[in-house]
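*Asks:* Here's the letter readout for the chains.
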Amino acid sequence: MIAYIVRRLLHGVGIVLGVLGLLFILFFTVTSPEGMATKALGEKAPPEAIAQWVTNHGYDRPLFWNPESWSDTLLVDHYYSMLSFDFGRSDADDRPIMDRIKQGAKPSLYLTVPLFFIGLFLSLSGAMLVAFFRGTFIDKAGLVVSVLAMSIPTMVYIIAGQYILGKVLLWFPISGFDRDPTMVWKFLMLPVIVGMIESLGGGVRFYRTVFLEESNRDYVRTARAKGCGELQLMTHHVLGNAMIPLLTQVVVAIPHLFLGALLTESFFGIPGLGAAMVEAIHGNDFSTLRALVFIGCLLFIVAQIVTDIAYTVVDPRVRLK
Amino acid sequence: MISWRTFLGLAGACAALLACSNDPYPARDAQQKILYSSFSSAPRTLDPAVAYSVVDHMVTGNVYDTLLEYHFLKRPYQLIPGLAMEVPEAEILEDGRARYRFSLREEILFQEDPCFTHFHPGTKTRRVTAHDMVFSLQRIADPKVNSPISSTLIRILGFAEFGKRLQQMRDESEAFAALPVHGQYEEAGGIEGVRASGDLDLEIVLDSAYPQLLYWFAMPFTTPLPWEAVVYYDGNEGRNAFEEHPVGTGPFILSTYDKYARIVFDRNPNWYGALHPEWQAPGATYPSEGEAGDGEAGLLDPEYVGRPLPLIDRIEFRMEKEDIPSFAKFLQGYYDASGVIQESFNMVVQEDNLSDEMVELGVDLVKSVSPDIYYLGFNMDDPVVGHKAGERGRKLRQAMSLMVDTEGYTERFANKRGIPAQSLLPPGLFGFDESYRNPYRQVDLAHAKRLMEEAGYPGGIDPNTGRAIRLTFDTPDPSAQGRARYQFFVDSWRKLGVDVEIAATNYNQFQEKVGNGAYQLFMWGWVADYPDPENFLFLLHGPNGRTASGGPNTANFNHARYSELFLQMKDMPNSPERALLIDEMLKILEVERPWIELFHRENYALYHHWLANVKPVGLSFSTLKYRDLDAPLRARWREDHNHPIRWPLFLVVLLFAAMMVRGVQTYLEERQ
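Residue numbers (my numbering), protein chains in the order written: chain P, 1 to 321; chain S, 1 to 672.
Calculated directly from the structure, the hints in this document are not laboratory data. Predicted, not measured: the structure shown is a model, and the values here were computed from it. Cβ atoms here follow ideal geometry from the backbone N, Cα and C, with glycine treated the same way. The reader is advised that the hints may include incorrect statements.
With beta-carbon atoms standing in for the labels, derived distance ranges [as the list claims (entries may be wrong)]:
| id | chain 1 | residue 1 | chain 2 | residue 2 | range |
| --- | --- | --- | --- | --- | --- |
| 1 | P | 83 | S | 119 | 36 to 44 Å |
| 2 | P | 18 | S | 171 | 37 to 45 Å |
| 3 | S | 603 | P | 18 | 48 to 56 Å |
| 4 | S | 339 | P | 121 | 37 to 45 Å |
| 5 | S | 256 | P | 69 | 45 to 53 Å |
| 6 | S | 256 | P | 63 | 35 to 43 Å |
| 7 | P | 182 | S | 269 | 46 to 54 Å |
| 8 | S | 269 | P | 168 | 27 to 35 Å |
| 9 | P | 63 | S | 341 | 51 to 59 Å |
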């Protein structure tokens, strides 16, 4: 197993280097250091201030090749900063990027953790319900509702949620955020409900398929023949044996918990890392963007490896070679 | 057991939903004089020497007081004393240099802050002196600070030299670079033209008269700064950075700075207006005079006239990235004022007045014209539309100008919120003539066609190619909405036979194209920094050409006579002579047509009836100290208009239960 993990980690290093290289090329294809300076200082900034900003931020060096010193290029600096975990300062406001990440991680987790667990619980419950009532009108209604729910774009959920639950029914604040622990839940109710409803359709359909596939296995028939009740069968036997596809879905979703939800955070005004990513893209903030992409990339690689290891835990037949 | 847990879970969820309300604020704040407003993007910096955006000034404008400020009500804008005793006048010295002397008020204190205790144990604040102004101006000259107005103040004697000297000394000596910043400034010898002659007297000497200098002293850039705050707040050892921790002299102090969610200000007990209401200082007292119509608008209510400011206790800004939720919260009474969003315009405004629905809600509307200009520009370096095309290019530009229907544009894309521009000067500025009608800004197809013929493009055909003349319209907005806007102009020019192609790119690529001079037609806008015609006319001054010098003259217009007149006009005080020069400059632009002037934005501001003293300002300065509100009235209104509708929740639970019962029945039937 150790050899397998080492091999996967080496693959991961290649992926990280590739992602960072791609990000660098894409970013500097669509913008220039002067464009970044104009965005940071404002359109009215005089040319002297633009030039000074470019110098102060080190963007006056060559992108790829410096004949005087091969290491004095933006590309080398880009790799060095990321691989040494020195994220530096934001190009937009000159604040340490680590501070922004620390500040943003909490609101993102406030939103995504309940969303993830409640969404997972409801998706599993819904899937078990429709699988339990398979073939009945509940199953059919579940199919129609799930497919419909999957077809609707996220934006529609957000706007409809804000309109119906916030504006018409007046149940929750339409948007906003407050770090005060006595207030924060109030602002999270609406985005969590909206996010939950949005994820329900896909989740129910996916887990239903998994459960039905398991329900047709021999051990289920044997358990049933031995007199095991349907409810116990679903919750104890089928659920336990459906862990492999479930893990694949669940562990890979964990990086999203840290990185937040791009659209939901932006629309509900939640100052998480998803919103930070959107701001960095809009604000030409290369330093913040690359740090968030790098962290996201690392988390995905780690999540993939953890998933593989988890397979061996839940299913002793799986061996990593 | 599971069903019991499920039941408890459901009951808990329902109870939580039932306990919820849409009120985003703590109940304890309902009766407080707190003004609620929103912001859509985080401030970049709170360092007053650098902060330049509207949202930056939203914070710095409340925390940092300036030597001068604008009169709250009078228009045209008028400067009044702030921290200074009076508005100074230029003294012209024998060698042609100009001197401005500011006298600061006595006994002005900085807000209380730990930085003062750190350097002067036992004290929490200290008195503001002219030396703090000297320090503030030295920071603007410091290349490390990179203030966007450093090139503007370059006319102060020794200003640029000080910056260069400072940089050189830092490069040459590590020991010097390690000194605290005020020590570095002192060792570098200061700025020759900035001197504190006594504790309260500041002298500024410039190479020549520069009347616009005074406007810069009404902006937070030039606020007095305590060196203690700049040195102490270095971002190390758990301390904030100065860019995030303002220490000022303003009417409010920044009490919460969560720049991505919530920004809160509280009254500053050390503000000179609070400590010395008996001074009746112009910047700390509600005014007794205004412009015509202010009395009728309730802005000169005897209840307020002469009252010490500020009138509210706290200001709370909440982040709202999207317009729609922000506007919905205004309609629910959770924001006291709002703009009118495009999506709801027809619901809010009908036949240029408030709709019945809004009147019923108790909402008021204030309109104002922004001191700005939106325009279509020609790149005058281009061989087809620019200077090189001579008379032919001029006539082409004139013809194209005659085809653009601004009213049609604002009606279609801005709900008619825009005053058609006849020249680049907006209303309210010296040199603006309300009766002036630009002959090339009245839509006239026949005249335009004649000009096209005279230009040698009959019916829009270029005789060299035998095809329609083809131009490129470079735009920074590739969205469908943006395209529709630009298409409006393209369709207008098509009537002349001119084939204009839209080249839509993203903002960065557009900036790059403009920087390289690789464009023909473009659309841009400019908002005034200060209310002086120079701040608009410089946009077409030859040496400010974008391609050649990176300056703000994006049209690269270079007209010898215009530039000569500009140099004569720019440093003159407002006078009939200056008006004559401006008239001549506008006549040149009328004929030359480097721009097709479009409109000056018309702002529609909405506010609830519990909010008093709302007078929009187009310039970037805060007027929140003049606002007042009736908190008990607001609390009652919010309660009346925000009763949650609970029955759909019960309906959902019932539907779920019915479905489950029916499902169980079906299941049991099938099992049997």
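*Asks:* For each hint, tell me whether it holds in the structure or not.
*Replies:* These are the hints, each one checked on the structure:
1. For residue 83(P) and residue 119(S), the hinted distance range of 36 to 44 Å is satisfied, since their beta carbons lie about 41 Å from each other.
2. Range check, residue 18(P) to residue 171(S): about 39 Å between beta-carbon atoms, so the 37 to 45 Å window is met.
3. For residue 603(S) paired with residue 18(P), a C-beta distance near 49 Å keeps the hint of 48 to 56 Å intact.
4. Distance hint check: the CB atoms of residue 339(S) and residue 121(P) are about 42 Å apart, consistent with the given range 37 to 45 Å.
5. In this structure, residue 256(S) and residue 69(P) meet the distance hint of 45 to 53 Å, their C-beta atoms being roughly 46 Å apart.
6. For residue 256(S) and residue 63(P), the hinted distance range of 35 to 43 Å is satisfied, since their beta carbons lie about 41 Å from each other.
7. For residue 182(P) and residue 269(S), the hinted distance range of 46 to 54 Å is not satisfied, since their beta carbons lie about 27 Å from each other.
8. The beta-carbon spacing between residue 269(S) and residue 168(P), approximately 44 Å, falls outside the hinted interval of 27 to 35 Å.
9. Between residue 63(P) and residue 341(S) the C-beta distance comes to about 41 Å, which lies outside the given range of 51 to 59 Å.
The earlier numbered hints that this structure contradicts are 7, 8, 9.
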